Amino acid sequence: DTAVSQTPKYLVTQMGNDKSIKCEQNLGHDTMYWYKQDSKKFLKIMFSYNNKELIINETVPNRFSPKSPDKAHLNLHINSLELGDSAVYFCASSQGIQAGTTAGELFFGEGSRLTVL
Amino acid sequence: SQQGEEDPQALSIQEGENATMNCSYKTSINNLQWYRQNSGRGLVHLILIRSNEREKHSGRLRVTLDTSKKSSSLLITASRAADTASYFCASNYQLIWGAGTKLIIKP
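Residue numbers (our numbering), protein chains in the order written: chain A, 18 to 134; chain B, 21 to 127.
None of these hints come from the bench; they were simulated from the model.
As the structure is a computational prediction, the values presented were derived from the model and not from experiment.
Ideal placement from N, C-alpha and C gives every residue a C-beta, glycine not left out.
Keep in mind that a hint or two might mislead.
Partner residues aside, some chain B positions facing chain A, computed with beta carbon under 7 Å [claimed, not checked]:
hint	residue
1	Arg61
2	Gly62
3	Leu63
4	His65
5	Gln114
6	Leu115
7	Trp117
8	Ala119
9	Gly120
If we strip away everything but chain A, and leave its shape as in the complex, we get (with noise of 0.2 Å):
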């Protein structure tokens, strides 16, 4: 059983379109994250939901919105696709708030490869 999993794997795009990539995990955790991974490899976090609630919002452009259906899912919806959010997309996981607390250990999902043409 996959612990986080999102989908799609790899997604090859046109500038302009919109697209959306999801994540559901499964281990009860009550964290989820996004996280963006560029070109030289340097993790950057975009957002984080604790129990559906939007606790971490760090510069993102508008035309990304998260949504959190349930605390078992983190969908990732950008619009507008811009050459420059070609990356790889990674969802994780953890137990305990993100701020203010100690967070855990993370838990990743294997990452969605974005490709915008």
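Fit chain B to the supplied structure of chain A, relying on the hints for placement.
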């Protein structure tokens, strides 16, 4: 910069040798964690060290933390081919990451 930094960026050693990589960070931390990323895969948690700890061991891994210097090191002893991967440190509630150290173990 908000990013942590791993050093060196790349490290190539012979199987059986020890590998040491370093991490520096800029803000105060509650804990610091190390992760491994195999090529094309997600990150896997290796070890967590709290700010009041100076050293921690887990199998062939040894992590040290110097909060006065805002730095940490990860030592992998008796390296194996399977240790080939990129290694990342994460601090400040895992908001801040570096670009990783790419470790290559030569057979």
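Do the hints match the structure? See the list:
no., hint, verdict
1, Arg61, "holds (6 Å)"
2, Gly62, "holds (4 Å)"
3, Leu63, "holds (5 Å)"
4, His65, "holds (4 Å)"
5, Gln114, "holds (5 Å)"
6, Leu115, "holds (5 Å)"
7, Trp117, "holds (4 Å)"
8, Ala119, "holds (5 Å)"
9, Gly120, "holds (5 Å)"
When each numbered hint is compared with the structure, no violation occurs for any of them.
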